[in-house]
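Heads up: the sequence lines are chains F and P, in that order. Mapping of the first sequence onto the UniProt record's numbering: residues 1 to 540, in sequence order. Mapping of the second sequence onto the UniProt record's numbering: residues 1 to 540, in sequence order.
Just so you know, the hints here were simulated from the structure itself, not pulled from any lab data. All of these numbers come straight from a predicted model, not from anything done at the bench.
Since the list gives no way to pick one copy over another, a pair counts as held whenever it fits inside one copy or between any two copies.
Taking lysine to any residue and the SDA-like style, the derived pairs with C-alpha atoms no more than 20 angstroms apart in a straight line are:
(1) Lys153 with Tyr500
(2) Lys380 with Met417
(3) Lys534 with Pro272
(4) Lys153 with Leu517
(5) Lys153 with Val510
(6) Lys235 with Asp267
(7) Lys235 with Gly269
(8) Lys235 with Ser270
(9) Lys389 with Gly375
(10) Lys224 with Pro213
(11) Lys511 with Gln172
(12) Lys217 with Ser270
(13) Lys153 with Ala495
(14) Lys153 with Leu497
(15) Lys224 with Lys439
(16) Lys309 with Ser426
(17) Lys217 with Arg266
(18) Lys217 with Gln172
(19) Lys534 with Pro213
(20) Lys217 with Asp267
Protein chains: 2
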Amino acid sequence: MYFPSWLSQLCRGLSRPIGRTTQPTWGSFSRSLALSSQRRIPEFSSFIARTNTCGELRSSHLGQEVTLCGWIQYRRQNIFLVLRDFHGLVQVVIPQDESAASVKKILCEAPLESVVQVSGTVISRPPGQENPKMPTGEIEIKVKTAELLNSCKRLPFEIKDFVKKTEALRLQYRYLDLRSFQMQYNLRLRSQVVMKMREYLCNLHGFVDIETPTLFKRTPGGAKEFLVPSREPGKFYSLPQSPQQFKQLLMVGGLDRYFQVARCYRDEGSRPDRQPEFTQIDIEMSFVDQTGIRSLIEGLLQYSWPSDKNPLVVPFPSMTFAEALATYGTDKPDTRFGMKIVDISNAFRNTEVRFLQDALSKPQGTVKAMCVREGANYLKRKDIESIRKFAADHFNECSLLGKLRLACADLLEMKGMVLRDPAQFSFLWVVDFPLFLPKEENPMELESAHHPFTAPHPGDIHLLYTEPEKVRSQHYDLVLNGTEIGGGSIRIHDAELQHYILATLLKEDVKLLSHLLQALDYGAPPHGGIALGKLVLFFL
Amino acid sequence: MYFPSWLSQLCRGLSRPIGRTTQPTWGSFSRSLALSSQRRIPEFSSFIARTNTCGELRSSHLGQEVTLCGWIQYRRQNIFLVLRDFHGLVQVVIPQDESAASVKKILCEAPLESVVQVSGTVISRPPGQENPKMPTGEIEIKVKTAELLNSCKRLPFEIKDFVKKTEALRLQYRYLDLRSFQMQYNLRLRSQVVMKMREYLCNLHGFVDIETPTLFKRTPGGAKEFLVPSREPGKFYSLPQSPQQFKQLLMVGGLDRYFQVARCYRDEGSRPDRQPEFTQIDIEMSFVDQTGIRSLIEGLLQYSWPSDKNPLVVPFPSMTFAEALATYGTDKPDTRFGMKIVDISNAFRNTEVRFLQDALSKPQGTVKAMCVREGANYLKRKDIESIRKFAADHFNECSLLGKLRLACADLLEMKGMVLRDPAQFSFLWVVDFPLFLPKEENPMELESAHHPFTAPHPGDIHLLYTEPEKVRSQHYDLVLNGTEIGGGSIRIHDAELQHYILATLLKEDVKLLSHLLQALDYGAPPHGGIALGKLVLFFL
Chain F
1 MYFPSWLSQL CRGLSRPIGR TTQPTWGSFS RSLALSSQRR IPEFSSFIAR
51 TNTCGELRSS HLGQEVTLCG WIQYRRQNIF LVLRDFHGLV QVVIPQDESA
101 ASVKKILCEA PLESVVQVSG TVISRPPGQE NPKMPTGEIE IKVKTAELLN
151 SCKRLPFEIK DFVKKTEALR LQYRYLDLRS FQMQYNLRLR SQVVMKMREY
201 LCNLHGFVDI ETPTLFKRTP GGAKEFLVPS REPGKFYSLP QSPQQFKQLL
251 MVGGLDRYFQ VARCYRDEGS RPDRQPEFTQ IDIEMSFVDQ TGIRSLIEGL
301 LQYSWPSDKN PLVVPFPSMT FAEALATYGT DKPDTRFGMK IVDISNAFRN
351 TEVRFLQDAL SKPQGTVKAM CVREGANYLK RKDIESIRKF AADHFNECSL
401 LGKLRLACAD LLEMKGMVLR DPAQFSFLWV VDFPLFLPKE ENPMELESAH
451 HPFTAPHPGD IHLLYTEPEK VRSQHYDLVL NGTEIGGGSI RIHDAELQHY
501 ILATLLKEDV KLLSHLLQAL DYGAPPHGGI ALGKLVLFFL
Chain P
1 MYFPSWLSQL CRGLSRPIGR TTQPTWGSFS RSLALSSQRR IPEFSSFIAR
51 TNTCGELRSS HLGQEVTLCG WIQYRRQNIF LVLRDFHGLV QVVIPQDESA
101 ASVKKILCEA PLESVVQVSG TVISRPPGQE NPKMPTGEIE IKVKTAELLN
151 SCKRLPFEIK DFVKKTEALR LQYRYLDLRS FQMQYNLRLR SQVVMKMREY
201 LCNLHGFVDI ETPTLFKRTP GGAKEFLVPS REPGKFYSLP QSPQQFKQLL
251 MVGGLDRYFQ VARCYRDEGS RPDRQPEFTQ IDIEMSFVDQ TGIRSLIEGL
301 LQYSWPSDKN PLVVPFPSMT FAEALATYGT DKPDTRFGMK IVDISNAFRN
351 TEVRFLQDAL SKPQGTVKAM CVREGANYLK RKDIESIRKF AADHFNECSL
401 LGKLRLACAD LLEMKGMVLR DPAQFSFLWV VDFPLFLPKE ENPMELESAH
451 HPFTAPHPGD IHLLYTEPEK VRSQHYDLVL NGTEIGGGSI RIHDAELQHY
501 ILATLLKEDV KLLSHLLQAL DYGAPPHGGI ALGKLVLFFL
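Based on the sequences and whatever the hints tell you, model everything.
What follows is the structure in structure tokens.
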């Protein structure tokens with residue numbers, strides 16, 4: 001049995017915060033639970049014996065009899081004890097009088113991280129002993145009864161330093177890691193954001209949440225798929241890379257507006273930003289064009305955007321694939337900063353500098369530059385050398401200039417220049433991708449730039465039959481701060497066109513997709529969609 | 001590649017309505033879309049070119065210029081055309097004047113089930129031509145422009161009779177089946193009910209929606225699992241039967257209130273009510289007891305209950321496992337009707353009837369009876385014979401009497417007696433199950449009646465060490481009209497107790513669960529949960 005990363009996956013992909021500048025603490029947690037500002041706060045203590053959470057008690061609760069459940073975070077001189085739950089911390093006064101000896105014994109002897117239930121009265125802290133850094137810092141609990149619910153064995157390390165431990169230790173004891181503020185925040189925020197997305201799609205815009213199967217058959221092209229042996233020897237299911245075919249068939253079925261928070265699978269090994277199974281917000285609509293999908297997504301993000309961030313400005317800017325490549329050297333530009341790539345070939349048409357002459361004499365040869373403002377103040381000879389070496393190492397990659405731009409940015413930020421504000425969210429639509437790319441293993445043949453169901457750009461249909469490599473597609477990517485967080489397209493709804501692209505241009509075995517081709521023939525509406533992923537990473 | 005049932009799974013388990021009495025039609029669809037009564041109706045036409053859905057137009061829209069998209073359902077004498085979308089039907093008047101020849105050509109020549117977009121004015125139907133059976137029956141559309149969006153090839157059958165076709169044909173052309181009112185209703189109702197459940201759990205009671213991995217390692221015991229070969233030769237993932245272990249670890253991690261609409265897998269072949277992959281509403285809470293879970297679920301069902309059904313009455317009645325077996329001969333009694341099983345042994349203590357004497361002389365021998373009221377009026381000699389034969393055929397099954405009760409009910413209903421009203425919802429909690437059962441293959445050994453993490457009944461803990469077979473558990477089932485629609489338990493949170501049950505009583509290899517045992521040692525809170533499935537089937 002294989003068991004490498006399930007503990008890590010408890011918080012799939014959420015353990016590496018991107019873009020957070022300040023370290024949050026339990027002190028700030030009560031605020032964060034009210035993230036969804038206009039909403040009523042949920043009842044966290046319904047159906048159970050506790051009356052309140054540890055994090056919610058304030059001066060307004062003075063005199064109330066409360067029952068709390070939580071973990072022993074800290075104990076001071078057998079007089080005070082700090083109790084913790086997911087909501088925050090509260091100070092408990094351990095009774096010292098003889099009549100409460102049994103309560104004292106329980107609270108003093110239980111090891112840290114043991115689980116206890118205490119009942120008592122909310123009282124003011126004595127004057128001068130308030131703790132303004134703690135949301136519950138004005139009050140404490142005068143305990144009457146206490147029960148040890150579970151004792152904690154001696155931990156292999158001190159929990160307060162746990163987050164500084166190695167990743168391997170955090171994964172091994174994932175349930176301890178999850179008790180930290182940061183992990184609680186991550187999981188709860190993700191849950192809230194996805195819930196708001198559901199409200200927007202389902203309640204406001206009539207989308208239908210439909211679960212599609214994950215035991216599927218192999219799809220031609222695309223990523224490597226996990227196989228699942230069936231009960232029939234020699235026959236296998238495959239775990240789908242996405243619900244692409246299902247959602248298109250749902251459109252043919254008249255479902256009109258579909259969404260799913262869909263589990264997807266790719267057998268491509270783990271990378272920091274990619275796991276073998278992952279989740280995407282999967283959307284498909286009938287009778288829609290690119291503009292419609294873009295407005296939908298802009299509205300979706302605006303609606304589900306955490307209220308403690310700056311509100312989103314929509315519509316997002318858009319840029320063609322060609323412009324992105326020319327200006328940023330990549331199809332997913334980080335537009336938080338400038339340092340654009342500029343074509344300065346014309347300035348060197350008559351140059352006598354030999355390597356520039358050489359470059360310009362090649363077909364489509366160009367000379368490009370990037371202006372690093374204040375570069376001279378920040379970069380020393382050693383830095384210039386490292387940039388030169390970076391360029392030499394990546395010389396044959398067409399995306400060299402884009403990489404060089406990011407490498408320069410890294411270098412400048414190390415020197416103290418502020419280029420990429422992690423609190424800034426620069427969304428960008430990238431459009432007009434090519435429909436096909438030359439196959440890597442045989443550049444004379446074509447493969448889909450995205451997938452074979454992507455519709456060609458209406459202005460380029462005629463080129464399909466003459467110069468297919470020049471056809472632009474109706475694919476669009478949503479890019480945030482230099483990361484692709486979503487992509488989609490208007491799909492082909494014409495069976496003949498789909499057949500021509502699959503059979504003639506891509507030379508695929510159409511039998512594998514005969515069910516889809518047939519469906520297109522029986523009244524398929526025009527349709528398109530998108531899938532979003534990775535977004536929540538940016539909030540953490 | 002294996003590809004048996006994915007089309008059927010597009011509507012996982014929703015193709016066999018249980019309990020519906022009247023066949024719904026497009027006419028009733030507009031009503032059904034407003035199922036969630038207090039809510040604002042979603043904007044079904046945002047982001048796209050259409051202004052309205054076909055099903056929503058009324059007299060109040062008279063004079064409005066509208067654009068509709070839909071499928072050609074029906075055409076009459078090239079004068080009228082009925083356009084359909086997911087929302088309903090609307091009549092379109094095909095223009096007959098010369099100037100609109102191109103529009104007429106499009107609308108008259110397009111085959112049925114072709115997709116068209118029409119723009120025009122909402123007008124009254126001429127007096128006497130209103131159709132009161134049709135929600136849009138007071139109006140029709142005077143068309144100005146029409147566009148053929150996709151032509152439908154000749155279908156292999158007439159779509160209006162499609163639902164009467166064989167199951168196999170419906171599965172082959174699932175996208176055509178999905179265009180029917182019933183399938184649209186099923187999928188949309190399911191989406192709405194699950195959305196309301198999410199609102200209740202997430203927004204009202206602070207539950208966190210957490211996705212757990214599906215590439216997992218094998219769990220000891222339980223159903224046969226699908227295996228997924230990994231990249232390391234000889235090593236496999238397995239697809240989990242449920243997120244049981246994950247959710248318990250989340251509780252140890254202080255997540256407090258977890259839920260997930262969870263995909264689960266069992267490699268046990270398909271049955272009418274069971275597919276290899278299925279979905280359950282999966283819930284776990286810390287610091288909770290049985291009463292708490294039961295109240296939570298009663299509130300959940302009340303909140304998400306479709307508004308066109310009779311409101312639910314809570315709390316649901318409960319019954320012990322022993323009482324259910326004694327009174328109904330099954331642990332999932334259909335309590336919509338009586339015909340309870342009665343122990344009449346005492347009446348026969350002094351009988352001279354030989355077979356009764358024999359029965360009573362055996363250890364725990366009993367004589368039981370069931371009163372079929374008015375049976376003499378309904379059942380003829382032939383029926384009595386068939387009951388006798390049924391009893392003889394099932395004689396050695398201990399659940400004979402429960403089966404006999406249902407067989408009698410079937411027979412009585414065939415004769416016209418009304419016993420089980422499909423519109424009635426009789427919920428029942430069944431509690432106090434045994435913790436262990438004798439192993440089928442070796443009755444001297446024990447196996448878990450449910451799973452090894454189920455906590456023993458507090459009143460029976462002492463029996464664990466002396467007569468474990470007599471220990472009751474803290475498991476509970478939720479039964480609706482004779483079907484188990486949910487089950488759960490308070491879990492063991494004590495590592496020592498869990499180890500004793502696994503190693504000593506169940507003789508499992510504890511190494512396979514060492515991660516869970518260790519987690520229980522590091523401050524696991526008391527916790528319990530439940531999983532619900534199949535429920536939506538009852539609404540359809």
